Amino acid sequence: MMPSRVGALLLGTLLWLAGCAQVKPYEREALADPIMSFSRDPLSDQYLNHVYDVREGARGATTTQGGGCGCN
Amino acid sequence: MKDFERIVIRSRARGQARSRAVPLLFLLAGFLIFPRTGPAAVLPDDRADTLYHYYDGGGVTVRGPALLVRKSVADTVSLSGRYYVDTISSASIDVVTTASPYKDKREEFGVGIDYLHGNSLLGVTLSSSNENDYLADSFGLNVSHDLPGGLTTINLGYSQGHDIVRRVDTSFEEDINRYNFRLGMTQVLTRSLLLGVNYEGIAEDGYLSNPYRSARILGASLPERYPGTRDSQAVAVRAVQAFSSGSRPVISSLRAEYRYFQDNWGIRSNTLAFALQRYFGDRVLGEARYRYYQQSAASFYSDNFTTEMVYMARDKELSTFSSHSLGYKVSWTFLDRKNFFIDRMSLNFSHDYINFDYQDFTDVRTGEAYSFGANVLQLFVSAWY
Numbered sequence: 000m001m002p003s004r005v006g007a008l009l010l011g012t013l014l015w016l017a018g019c020a021q022v023k024p025y026e027r028e029a030l031a032d033p034i035m036s037f038s039r040d041p042l043s044d045q046y047l048n049h050v051y052d053v054r055e056g057a058r059g060a061t062t063t064q065g066g067g068c069g070c071n
Numbered sequence: 000m001k002d003f004e005r006i007v008i009r010s011r012a013r014g015q016a017r018s019r020a021v022p023l024l025f026l027l028a029g030f031l032i033f034p035r036t037g038p039a040a041v042l043p044d045d046r047a048d049t050l051y052h053y054y055d056g057g058g059v060t061v062r063g064p065a066l067l068v069r070k071s072v073a074d075t076v077s078l079s080g081r082y083y084v085d086t087i088s089s090a091s092i093d094v095v096t097t098a099s100p101y102k103d104k105r106e107e108f109g110v111g112i113d114y115l116h117g118n119s120l121l122g123v124t125l126s127s128s129n130e131n132d133y134l135a136d137s138f139g140l141n142v143s144h145d146l147p148g149g150l151t152t153i154n155l156g157y158s159q160g161h162d163i164v165r166r167v168d169t170s171f172e173e174d175i176n177r178y179n180f181r182l183g184m185t186q187v188l189t190r191s192l193l194l195g196v197n198y199e200g201i202a203e204d205g206y207l208s209n210p211y212r213s214a215r216i217l218g219a220s221l222p223e224r225y226p227g228t229r230d231s232q233a234v235a236v237r238a239v240q241a242f243s244s245g246s247r248p249v250i251s252s253l254r255a256e257y258r259y260f261q262d263n264w265g266i267r268s269n270t271l272a273f274a275l276q277r278y279f280g281d282r283v284l285g286e287a288r289y290r291y292y293q294q295s296a297a298s299f300y301s302d303n304f305t306t307e308m309v310y311m312a313r314d315k316e317l318s319t320f321s322s323h324s325l326g327y328k329v330s331w332t333f334l335d336r337k338n339f340f341i342d343r344m345s346l347n348f349s350h351d352y353i354n355f356d357y358q359d360f361t362d363v364r365t366g367e368a369y370s371f372g373a374n375v376l377q378l379f380v381s382a383w384y
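As they're listed, the protein sequences go chains A and B.
For what it's worth, numbering that gives the first Met the number 0 labels the leading residue of the first sequence as 0, then goes sequentially.
For what it's worth, numbering that gives the first Met the number 0 labels the leading residue of the second sequence as 0, then goes sequentially.
Chain B on its own, in the form it takes in the complex (with noise of 0.2 Å):
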């Protein structure tokens, strides 16, 4: 037997036997680690927000509306449900240089519920998404608790998903399954600045190629070939300070994150981001955002082999490129007392332009390397009642 499929088979029983006892540690932890304390955490805000979210880039339109609506049915539960749609049109490079422009939709489906246990609020959640030749279905546990003091709160979280990946027209079938590890910590360093560090490590096994894409080898396609296990961790570092103006103790605030990324398929990546939010009298909230994002290429990744491996990738996600966002939110309530039972209304808009530039992934039309630009709009309502 090779290496690489020992590895594979410990995987697989590492993750079959991870599936079944990390649930289990993980309530256990969270009711020994967060004893009843006095009350101090809150349920999340009752609130529904409807969105039509819009995607055009690398010839590629994605568009749909989406829905997230939560409400507390007694002083200790709250109920959320969200509807999520794709409806995909798409001409990528990858589809016009090796396959026919195709049109495909997503649908999303996902039901949560959060019990307050003294300072802890304990998470359950539920997805399944479904598209004619992907089907992904998810179940999440997440506890957070607020130190003595209330000014240190810590998460843990566990997920574990499985998915379905299919070809269109074929009877090919294949599975993922899934497992996200979650730690996090916020921190109330002063009256105007909160620091937060999040980790998450992803393992994955499984089909984890796409049964459509091709690699090329001497200018010629073959199928994409990936390893059956892929494991990854990042951790991010947030920080969010307020500014007051005369009475108001907030009229603008400034966020920063940090995030760096690695896996064993050896892509290395760092993202950056900041937004500054401020308020223009007491209805409209703006908010100007920058986000820079650069990784380095997975290990078995090339533009055009010269001999074949024993895995052979050519997906243009896998490849080393950055890119930078530009974007801005507006934000406008147009209804802040109580009427009937809503409290609060408020109207948004946002525009976010991304740049692609990638360093080892060509466009076979041109011979240049490759990159575009896409366009990220949303525009939502969000109701407090």
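Okay, chain A solo, but in the shape it has when bound (with noise of 0.2 Å):
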């Protein structure tokens, strides 16, 4: 199956159980902690994703948008 396929039937999924989630503002004290964030140190998580970049086939749907890397 495409990844893009996939994804939108992930983003489906997704958007069903927000449907289904009942999270009150007051309860959201965890998630507001650093260590609930997918990227807590953006240039950190940056340059980590730039080493994979450059050493493998893959790439894309980071945590973090790079820029021109220049690493052909």
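I should point out that these hints are in silico values taken from the structure, not numbers from a laboratory.
Bear in mind the structure is a predicted one, so any value in this text is a computation, not a measurement.
One or more hints might be untrue.
Claimed, not checked - These stretches of chain A come out as covered by chain B in the derived footprint (C-beta under 8 Å, 3 or more residues):
| no. | stretch |
| --- | --- |
| 1 | 19-32 |
| 2 | 37-44 |
| 3 | 49-63 |
Just so you know, even glycine gets a beta-carbon here, dropped at the ideal spot from N, CA and C.
Starting from the two chains in their separate frames, assemble the complex, guided by the hints.
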């Protein structure tokens, strides 16, 4: 199955889950903690993603958006 | 005209049309899909990071500083600036078997602006990377929007890049055009669980090979030949779960992610990663992480071709290989009260060890399948103000 279809399926599932989620604003204290972030340190994560990008065939769908890396 | 030439021409025409239409459509869609509602989205933190990075593996050493500064200038506008340097000393297996060791320096500059518009955050970024034989410029647009209720955030992104590929001491110069399309969603599922899904499609056209690298045909060297286009797609699913302890709502968290990737060169890859983070007291935060990566080879890759083909590559990044990465990060908050204009500062150190194992890329010096280990170190100071 194409990743775009998988992505659409996952997004659809997530939207369905969104309808089920019931978390009041005062119950979100833990979610605001830095260790709940998908990218706590953006510069450090950009660097580590760059290290992987230039040594692997795969790219994209990471937690950071890279610039022009000159890594042909 | 051969079929592959038609495909290249069609793809380039498609790319040029896309480059004109997509930014306008993107912005229009952003404003139509995300109308103004009550304020809930927030600007990114005012924060500065100064980092020194060091990579050593496979005969290659890369080191240098990096800087990222972000400051809001009004309640709705945040500006950012980025500077990054790679100082490279390379005696990699490609270099020692076909050329001479070299030294190089790459500098990257980036600026960005974010604008808060109701529940939506609109961002524009520009970046430029410069080394003596490779130039890369790109710009990006991002829109993120919090849906009513604040439990769901949707992201849309588009970026476009133009690279110039050169070969030192020659007049060789070719171009690459790159178009990235991103779609993502983050969902609060429970009071301690977040889930994210991201998709990214990338289309490239131009000179996608490397002017220095050679393919092997019956043991002899021949310049690599790559297709003129590459389209790839990646989907990632991420989750992070908080764990509480006594009166602390969160003392640790476990993050897990999986990414599937495929492109029209025949590469398929799977990435699986985990990270466990935990507070030790009020000032120390530790992280342990593991990442597994695996990919299949491009259809035009061979360690040693037996006959000449239209496309030929012997880039180990296009071969069949896997890697394991194990790392840790320690963060120490050494200032945690408002002091002059700084609210908080932390000192951070991380170390990752990556082991690469290639299945069909031979070390021609030994005749064995190639493998190597790499150490990745980062030391950085972060300040919030």
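Here's how the hints hold up against the structure:
1. 19-32: Answer holds; 9 residues pass the 8 Å Cβ test.
2. 37-44: holds (count 6)
3. 49-63: holds (count 12)
Violated hints for the displayed structure: none, as all numbered hints are satisfied.
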